[in-house]
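The numbering of the sequence shown is my numbering, which starts it at 1 and goes up by one.
None of these hints come from the bench; they were simulated from the model.
For every residue, glycine included, the Cβ atom is placed at its ideal position computed from N, Cα and C.
Take the hints with a grain of salt, since some may be wrong.
Just the calculated beta-carbon pair ranges, DEER-fashion [unchecked claim]:
| no. | residue 1 | residue 2 | range |
| --- | --- | --- | --- |
| 1 | Gly15 | Val41 | 37 to 47 angstroms |
| 2 | Phe24 | Ser2 | 15 to 25 angstroms |
| 3 | Trp38 | Gly15 | 33 to 43 angstroms |
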Amino acid sequence: MSNFLWLKQSLNNQGSLVTLTALFAAFCGLYLLIGGAWLVVLGGS
1 MSNFLWLKQS LNNQGSLVTL TALFAAFCGL YLLIGGAWLV VLGGS
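Full structure from sequences and hints, please.
Encoded structure:
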């Protein structure tokens with residue numbers, strides 16, 4: 001829940017859109033990286 005509170009606080013700061021976009025992009029990139037590796041492992045075996 002602390003992450004949510006930090007996110008709410010960051011929304012009040014300037015440049016919050018950039019921060020949210022960066023976090024979202026990092027999360028999506030990590031998700032795609034893990035998903036892609038998982039597919040490669042499943043497809044390779």
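Outcome of the hint check:
1. Gly15 with Val41: 37 to 47 angstroms: holds, 38 angstroms
2. Phe24 with Ser2: 15 to 25 angstroms: holds, 19 angstroms
3. Trp38 with Gly15: 33 to 43 angstroms: holds, 34 angstroms
In this structure, every one of the numbered hints holds.
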